[in-house]
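Peer 1: Top to bottom, those sequences are chains A and B.
For the first sequence, position 33 matches number 189 in the numbering used here, and the numbering has no gaps at all.
For the second sequence, position 85 matches number 241 in the numbering used here, and the numbering has no gaps at all.
Derived from the structure by calculation, the hints contain no laboratory data.
Only pairs whose alpha carbons sit at most 25 Å apart, straight line, appear in this in silico SDA-like list of lysine to any residue:
#1 A/198 x A/163
#2 A/221 x B/196
#3 A/198 x B/167
#4 A/237 x B/173
#5 A/224 x A/181
#6 A/198 x B/227
To be clear about the criterion: a stretch of chain A counts as covered by chain B if any three or more of its residues have a C-beta under 8 Å from a C-beta of chain B, and this derived list gives those stretches:
#7 202-210
#8 225-234
Derived CB-CB ranges, DEER-like:
#9 B/186 x A/187: 49 to 57 Å
#10 A/185 x B/226: 23 to 31 Å
#11 A/171 x B/239: 17 to 25 Å
Note that the Cβ used here is the ideal one computed from N, Cα and C, for glycine as well.
Number of protein chains: 2
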Amino acid sequence: MATPHPANAVLIGKKEINNYVLAVIRLFSEGAEEVIIRARGKNICKAVDTAERVRHMYMKNLVVKDVKIGSEEIVDESGRKRTVSTIEIILAKPSEEESG
Amino acid sequence: MATPHPANAVLIGKKEINNYVLAVIRLFSEGAEEVIIRARGKNICKAVDTAERVRHMYMKNLVVKDVKIGSEEIVDESGRKRTVSTIEIILAKPSEEESG
Numbered sequence: 157m158a159t160p161h162p163a164n165a166v167l168i169g170k171k172e173i174n175n176y177v178l179a180v181i182r183l184f185s186e187g188a189e190e191v192i193i194r195a196r197g198k199n200i201c202k203a204v205d206t207a208e209r210v211r212h213m214y215m216k217n218l219v220v221k222d223v224k225i226g227s228e229e230i231v232d233e234s235g236r237k238r239t240v241s242t243i244e245i246i247l248a249k250p251s252e253e254e255s256g
Numbered sequence: 157m158a159t160p161h162p163a164n165a166v167l168i169g170k171k172e173i174n175n176y177v178l179a180v181i182r183l184f185s186e187g188a189e190e191v192i193i194r195a196r197g198k199n200i201c202k203a204v205d206t207a208e209r210v211r212h213m214y215m216k217n218l219v220v221k222d223v224k225i226g227s228e229e230i231v232d233e234s235g236r237k238r239t240v241s242t243i244e245i246i247l248a249k250p251s252e253e254e255s256g
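Starting from the given sequences, assemble the full structure and let the hints guide the process.
Peer 2: Rendered as structure tokens:
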């Protein structure tokens, strides 16, 4: 909740991975030039799986524009502060120059 | 086993995370200018945690030089081919220009 959630971002949560794969495909089909896949903690693996699945199975022309890792402080259920790792993967449609 | 394992790489496996944190610190202390942290599948989160823990708790001057994601085909215990996601995080000592 702390970070702004832009319209072209998909936040990875507890759902089955194909929900996120479809969310990414939908954003591109609606005209997005790039889509940001975000995750924290244990969901980081699922973020990478989502990006790779979209790229290898459904939209083979996409490129990984950038991958950023970081840390965030969260308050867990028991009220304790905890630092969790974060990831942000930016998938993008290829530019004219890169394709072909 | 398929990919070469350079001397300055740490492959994340099943051990407790601090083993990998220490492996990264040791490589830098032995003179490495950069260290590659690699992981596959469920260990990807642990790779990000390792990089973030080193960077925030032990060697605060390090920079994340690059993060690459990809896929690899592996043969699992039951002999079936399976595609797993991979990550490669490159941590580096800051260049002269960047520090200061």
